[in-house]
Amino acid sequence: MGEKILEVKHLKTYFHTDAGLSRAVNDVSFSVEKGKTLGIVGESGCGKSITSLSIMGLVEIPPGEIAGGEIIFEGEDLLKKSEDEMNKIRGKKIAMIFQEPMTSLNPVFTIGQQITEALMLHETLTKKQARERGIEMLKMVKIPLAEKRFDEYPHQLSGGMRQRVMIAMALCCNPDLLICDEPTTALDVTIQAQILELINELKEKTGTSVMMITHDLGVIAEVADDVMVMYAGKVVEHATGDQIFEKPMHPYTEGLMHCIPKLDDDDTQRLSVIEGMVPSFDDMPAGCAFCPRCPEARQICRERMPELAEAQGRMVRCFKYTQEWEESGE
Amino acid sequence: MSKKVFGFFNKQKEYEKEVLENGTAARYSGFYADSFKRLKKNKMAMFCAIVLILIILVAIFAPLLAPYDPTYQDYSAVLASPSLAHPFGTDEYGRDILSRIIYGSRVSISIGIVAQVVASLVGVTLGAVAGYYGGVVDSIISRIMEIFQAFPDLIFAMAIMTFMGKGVLNLFIALRLLTWVRTARMIRGSVMQLKEKEYIEASRANGASTFWIITKGLIPNCLSTIIVMVTLGIPNAIMYEASLSFLGIGIQPPTPSWGNMISAAQTFISYRPVYSIMPGIAIMITVIAFNIFGDGLRDALDPKLKS
Amino acid sequence: MLSYTAKRLLQTVIVLFGISLITFILLQVVPGDPVALMLEKRADPETIAKVRHELGLDLPLATQYLNFIKGAVHLDFGTSYFTKEVVSDALFRCFKVTVKLACMAFVFAAAIGIPSGIFSAVKRGKGVDTFVMILSIIGVSAPAFWVAIILQIIFGLKLAVLPISGFDSIASYILPSVALGARYAGNMARITRTSMLEVLGQDYIRTAKAKGVKKWGVIMKHGLKNALIPIVTLVGTDFGYMLTGSMLIEKVFSIPGIGKLAVDAMSNRDLPLLEGTVMYIAFIFVIVNLIVDLSYAFLDPRIRYGKGEA
Chain L
57 MGEKILEVKH LKTYFHTDAG LSRAVNDVSF SVEKGKTLGI VGESGCGKSI TSLSIMGLVE
117 IPPGEIAGGE IIFEGEDLLK KSEDEMNKIR GKKIAMIFQE PMTSLNPVFT IGQQITEALM
177 LHETLTKKQA RERGIEMLKM VKIPLAEKRF DEYPHQLSGG MRQRVMIAMA LCCNPDLLIC
237 DEPTTALDVT IQAQILELIN ELKEKTGTSV MMITHDLGVI AEVADDVMVM YAGKVVEHAT
297 GDQIFEKPMH PYTEGLMHCI PKLDDDDTQR LSVIEGMVPS FDDMPAGCAF CPRCPEARQI
357 CRERMPELAE AQGRMVRCFK YTQEWEESGE
Chain P
1120 MSKKVFGFFN KQKEYEKEVL ENGTAARYSG FYADSFKRLK KNKMAMFCAI VLILIILVAI
1180 FAPLLAPYDP TYQDYSAVLA SPSLAHPFGT DEYGRDILSR IIYGSRVSIS IGIVAQVVAS
1240 LVGVTLGAVA GYYGGVVDSI ISRIMEIFQA FPDLIFAMAI MTFMGKGVLN LFIALRLLTW
1300 VRTARMIRGS VMQLKEKEYI EASRANGAST FWIITKGLIP NCLSTIIVMV TLGIPNAIMY
1360 EASLSFLGIG IQPPTPSWGN MISAAQTFIS YRPVYSIMPG IAIMITVIAF NIFGDGLRDA
1420 LDPKLKS
Chain U
24 MLSYTAKRLL QTVIVLFGIS LITFILLQVV PGDPVALMLE KRADPETIAK VRHELGLDLP
84 LATQYLNFIK GAVHLDFGTS YFTKEVVSDA LFRCFKVTVK LACMAFVFAA AIGIPSGIFS
144 AVKRGKGVDT FVMILSIIGV SAPAFWVAII LQIIFGLKLA VLPISGFDSI ASYILPSVAL
204 GARYAGNMAR ITRTSMLEVL GQDYIRTAKA KGVKKWGVIM KHGLKNALIP IVTLVGTDFG
264 YMLTGSMLIE KVFSIPGIGK LAVDAMSNRD LPLLEGTVMY IAFIFVIVNL IVDLSYAFLD
324 PRIRYGKGEA
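Protein chains in written order, with the working numbering: chain L, 57 to 386; chain P, 1120 to 1426; chain U, 24 to 333.
Rather than coming from a laboratory, the hints here were simulated on the basis of the structure.
Don't take each hint at face value.
[Said to hold, decoys possible] Across the chosen pairs, the derived CB separations fall in these ranges:
(1) P:Tyr-1318 with U:Thr-86: 52 to 58 Å
(2) U:Ile-310 with P:Val-1236: 31 to 37 Å
(3) U:Trp-239 with P:Ile-1172: 43 to 49 Å
(4) P:Thr-1334 with L:Gly-76: 36 to 42 Å
[Stated by the list, open to error] Which bits of chain P does chain U cover? Going by a derived footprint, with three or more residues having C-beta under 8 Å, they are:
(5) 1259–1268
(6) 1275–1285
(7) 1355–1363
(8) 1390–1401
(9) 1406–1420
Ideal Cβ placement from N, Cα and C applies to all residues, glycine included.
Bound conformation, chain L alone (with noise of 0.2 Å):
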């Protein structure tokens, strides 16, 4: 085990909502390790980008709720952070790249005036050094023109474009921990596979971790080192990156898995779906929150939630692994 840049412990992000209390993050635990790449999946609502945006100090509070937990990093808990204590390591150690390259930059400054913002929030650098800094910073995105791109404003840019410079952004002040928050899902593919191929780059040139969330199990085999599973608020599988592709074990990354066009697969069997929905906070079922939706579901796993367990040298949360199971046996 390497060293930990980042460890979440027993994380739970609440939301009161007119419907109730919404559990989006229940009881979290994972950690990133320098230097790696970290991959959360699941499907939109299942709590994944509320773990990053509590990570980052953003959730909105209220109507949201950090209920409890640590979030460790370089051995000091965030939650404990004063607001301008937050404010010196968001964008300086700790940086975000978003889904939505087209709304994620602000209409009206340049895209210069945005990339030295946080230059000159977190470094102490003349106007004419923040500038070269963040010429230099579009260089390495590869965009193209960068001096004159710099004088530009976001509407002039294309989508990928616009992501490569909010890369840009991210990096410009060698983050320990870089976020992406399904930063390739609004672009085309072509495109989007430059912009992962940019993002390992940059990894390895600069030494960050990285925390790719993504629903697209496509981009972790990509990227990611680890992976973790998440569905309802709760990590349901947490493994490597070879483990999982070599066999998922929960049924639901099983049936993300499916989900993936195979390009060599000769059978023209057809693209499959995990039936049903995420269920929603006041729908919850009584067990394992995927038991509506899981083809091998039994009585247990209606009756009460599985524990986060060890299976073959990875963590599962499924009744499959375990010695119940057996006992249960339909």
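Given the structure of chain L, go ahead and fit chains P and U onto it with the hints provided.
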């Protein structure tokens, strides 16, 4: 992009902008029943609706409610201070201020409602014609609307009142000339969107007459837009009436109007401030009630426009 | 941007032309002969005819209109029938007073309305928000002339700290400016709040927070600059209204501004003065709107660089 602004209030302007940008909500059967349910949930709007009903009842039953004849002059009680006999005191001719305010509601409410409804009829017709025919007709009507919008409203109303002479009828005309443009613009926009819809195409293909298409196909679909425009337009018209009467070119004394009462009271502000305060409060309550109710109506009728 | 400006300018010229035509037509339908009114009952028909000739009122309507346009272009509207003052001089004299009043009212409205709108949006749903919104709806719904009178009663008479009429000292402008600005302060608070709330929910606000920008930095820099775009449109048009619609306030405080000039010209049927005032006010109003539209384009780079404008 030219967001020309016309009139006193922004509520109407905001609504206008929203509809022009997003179009009106699609209609379905039971739509008005659903809207009414939504409206009933809005407590502020319902409270204002009750206030409005009360004001309208006061206007209708003024002769029963007013303790005195509004024009009866009692020279033994000139500029009397508030008392049991005269709750708001009396004016410079010894007329009871409360009674004059009660009768004044007749002027404000009737002028506000009638001027706005008539202006809307003109606006709806011209807007629908411009939107439906497009081309040269649309260009001409649109240019006229632009010119009308470019006139500062109060000056325009004053000019008309001066040229045509004072009087209730002329006041109606002036207010109508001021307020039709806004409705026309809205309806034009809505009709232009609607006429591309399949069901209009279908009735055209079936040989329906233009009159039939406009009156049966298009206007009912703009109805909620029209209702909201009228509701938010009434306080506007009330305010114009009060302003013009205050300037002495609207309703003429001895007929009481809230505007001309304030105008007369101005001379006596140091001696009898309550005289000028009360009619203003009457205007304010009426206008606030119409505005909040109009807002609620808009939210109820166009749920998708609510953020 | 250039073609947009050109288009907008052309539109303005057409509108101004239309206004001149309407003004002219309105003046033709004035009941009663202005000359007879001017010379009162003493005049015999011969004198009236003579004066009509001198004033060019016996010419065909089309010629009269052409003369009117020619004069208007040179800011020459002739001399007042009554005071014999050159109309453009009178306009300029009164306009100076009104501009001062409108500017002060504008500063008041913006200084109160915009910050309270921002505050209200940031504290959405809290007590401050409710308080600001109640105040603003009162501000918007109270007739300006009545607010003026209330201010006179409170500050001029009861507290006796400010003059209730006149226009010589800065102090005498305070009450009129507040009365004129109150409604617009309410408007601005409402619009600023709506606009800010919309902007604060945008993705780029989250980006700015993720960069480590402080809360008020995010609000004032990233939020306000975007929210300002619709606010400027409204605020600018409001300024147009303050410049041209101050007659009610001018009447309450006996301020000899452009509004009072217009009211006087109307009650006297003083044709040249009336033509001049109406044209002048309409002109100012149209120009302010033009400037607002152009500054709108300036604030929003998407329009400045030719995108998003059909």
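Hint-by-hint comparison with the structure:
Against the hinted window of 52 to 58 Å, the Cβ-Cβ separation of Tyr-1318 of chain P and Thr-86 of chain U comes to about 54 Å, which satisfies the hint. At about 34 Å, the beta-carbon gap between Ile-310 of chain U and Val-1236 of chain P stays in the expected band of 31 to 37 Å. A beta carbon spacing of about 46 Å between Trp-239 of chain U and Ile-1172 of chain P agrees with the range 43 to 49 Å that was offered as a hint. Between Thr-1334 of chain P and Gly-76 of chain L the Cβ separation comes to about 49 Å, which falls outside the hinted range of 36 to 42 Å.
Against chain U, the region 1259–1268 of chain P contributes 4 residues with a C-beta closer than 8 Å to a partner C-beta. That satisfies the three-residue criterion, and the hint holds. Counting residues of the region 1275–1285 of chain P whose C-beta lies closer than 8 Å to any C-beta of chain U gives 7; at least three are required, and the coverage claim holds. Counting residues of the region 1355–1363 of chain P whose CB lies closer than 8 Å to any CB of chain U gives 3, so the stated coverage by that chain holds, three being the minimum. For the region 1390–1401 of chain P, the stated coverage by chain U holds: 5 residues have a C-beta nearer than 8 Å to a C-beta of that chain, and at least 3 were required.
For the region 1406–1420 of chain P, the proposed coverage by chain U is satisfied: 4 residues have a C-beta within less than 8 Å of a C-beta in that chain, meeting the threshold of three.
Hint violations for this structure: number 4 only, all remaining hints satisfied.
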